[in-house]
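There are 2 protein chains.
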Amino acid sequence: MRHKLLLLTSNNERYRELLSSCHLPEIVLLGDETSNILEANIWLAEPALAAPLLPHAKNLTWMQSTIAGVDALVKPRQRKDYQLTNVRGVFGPLMSEYLFGYLLAHQREHQKYKNQQAEKIWLPGNFKTLQGQNLLLLGTGNIAKHLAKTAKHFGMNVTGINRGAKPTQGFDKVDTLANISHHLTQADAVASILPSTSQTRGSLNAELLSLMKPGAIFFNLGRGDVLDLDALYMQLTKNNDQHAILDVFNQEPLPKEHPIWTLDNVIITPHIAAPSFPEQVVEIFSNNYHKLLQGEQLSHEVNFARGY
Amino acid sequence: MRHKLLLLTSNNERYRELLSSCHLPEIVLLGDETSNILEANIWLAEPALAAPLLPHAKNLTWMQSTIAGVDALVKPRQRKDYQLTNVRGVFGPLMSEYLFGYLLAHQREHQKYKNQQAEKIWLPGNFKTLQGQNLLLLGTGNIAKHLAKTAKHFGMNVTGINRGAKPTQGFDKVDTLANISHHLTQADAVASILPSTSQTRGSLNAELLSLMKPGAIFFNLGRGDVLDLDALYMQLTKNNDQHAILDVFNQEPLPKEHPIWTLDNVIITPHIAAPSFPEQVVEIFSNNYHKLLQGEQLSHEVNFARGY
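Residue numbers (my numbering), protein chains in the order written: chain A, 1 to 308; chain B, 1 to 308.
Simulated from the structure, these hints should not be mistaken for laboratory data.
Where hints are given, some of them may not hold.
A pair counts as met if it fits within one copy or between any two copies, since identical chains are not told apart.
[Unchecked claim] In silico lysine-lysine, DSS-like type, Cα no more than 25 Å apart, as pairs: (1) Lys-120 <-> Lys-238; (2) Lys-4 <-> Lys-213; (3) Lys-149 <-> Lys-128; (4) Lys-80 <-> Lys-112.
Okay, chain A solo, but in the shape it has when bound (with noise of 0.2 Å):
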């Protein structure tokens, strides 16, 4: 066999069965015992469990990342010796389920319904559609740009924020991060998809938060460290016609001392709007594993310099 494979994720279990299925010539499947951590020359794994594993890993040079967020693997000192690539392309359509259904729950009002039928109360109220409404998307990304389909399938305007302003199909504008601040204030909807890198960390701070229209939403569903979550939190207590939806956190589980989690305005999921399944990362893991023993490229190949 010229191939080892080390699993290194919460569900190893899944994992094997899912690869015994599939054609995967010349390898052997490794067992979890530690020692196997230098003999692998193949990883499968999430970052976050890889990452503190890395100085050990002698044969390492190939890791598949199961989820899409491989900031853990691309901080200034760690290893960048290997291959790295992660799954993309599967979550746009997950994401989109996530933050057109709060968005329509939100829009359409259906906590006010819910309350008025607990109280047998019919009572028809104003209306508010997304027809016409701006969402702003912060990456223009696949997962933004299927994101920007359906807001257009909804009769949305939508506005990109990307790194070179570079026109991207689907979206009706794109504009860069420093040009944030003029978008922000037009926005009905804020969303930001962005990766965790050197230039997006902590740029959503108090300052442009302030920015928001009255009654405008704001999700987080890329990366939690992007966002200032105690500005956020602040932005909120002062604006209780504002609100937001977070799936993503800097600290996950969020910390139950957090205030952000009583806010009414707030609602608070945890990291489900988008989540990799086996099935899919086994796919890509597998069409990949098939590129390496034809020597071509890999898909999804993380730039370390890039982070993303």
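Mind docking chain B on chain A? Use the hints.
The following block gives chain B in isolation, referenced to the frame of chain A:
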């Protein structure tokens, strides 16, 4: 002035304001006095308000309904000696916001995560996606076509039910109401957008409802009397893994005595899924009025025999 227009809506003031800014030659807008019922040849009216006054409307030649549902005007013994038009084509996007807002809230378990947040519990759960689920749409008209489009965007399989099982763009399959049983047993979500006609009234009865599969979610978005509400109540009492989202009722407001108000697996909203905005109604009226002046055929004409 050749034409005399009477308003019969619950919001005449708003309609007066909007009409005053339209270019409508050769028409006089009458006041709201009862005596004007005799004089007017054109009515812009809500069917439920217009129906009891029809016998007195000596000069009526054309009525523009402000809503889609005209069943109050097409009953067997009612006058059919005038031209009746309704509003169409504007409800699809609003209905999609309603249906997919509640469908996503259900599948992505908004209530469960809200309850967890109240206890500061961080617990990702199992996960359902709309992708690959089956949506059964009762009706294949303009609204259903738009719902089908949204459903396809979310990766669902869409079956439509119409009178002749005539193939309809945007649906994966189309069949007749007579063959509904088979499709009901397969559907993860069922939505009725049926008009109220002699064939559809009461058609969603205990027998059909009992065919819904475990965990299915049922929407009534069309007309209330298509559904046997007491049968649905019994069905959902016995099967608490099934859910219903109800926006229209045979009697509106839904009487406070009806036990369905209090079922945990039912959401009741006060006929708000797709309201007619006076702006849209006036635009349709104005277009039709210009067609009338030109001697052209009016848009959205109701067929009294068919009932919609």
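Hints versus structure:
1. Lys-120 <-> Lys-238: So Lys-120 and Lys-238 pass the 25 Å test across copies only (22 Å; inside, 32 Å).
2. Lys-4 <-> Lys-213: For Lys-4 and Lys-213, the Cα distance exceeds 25 Å both inside one copy (54 Å) and across copies (46 Å).
3. Lys-149 <-> Lys-128: Answer is both: 20 Å inside a copy and 21 Å across each meet the 25 Å cutoff.
4. Lys-80 <-> Lys-112: Result: close neither inside a copy nor across copies, 52 Å intra and 41 Å inter.
When held up to the earlier numbered hints, the structure conflicts with 2, 4 and fits the remainder.
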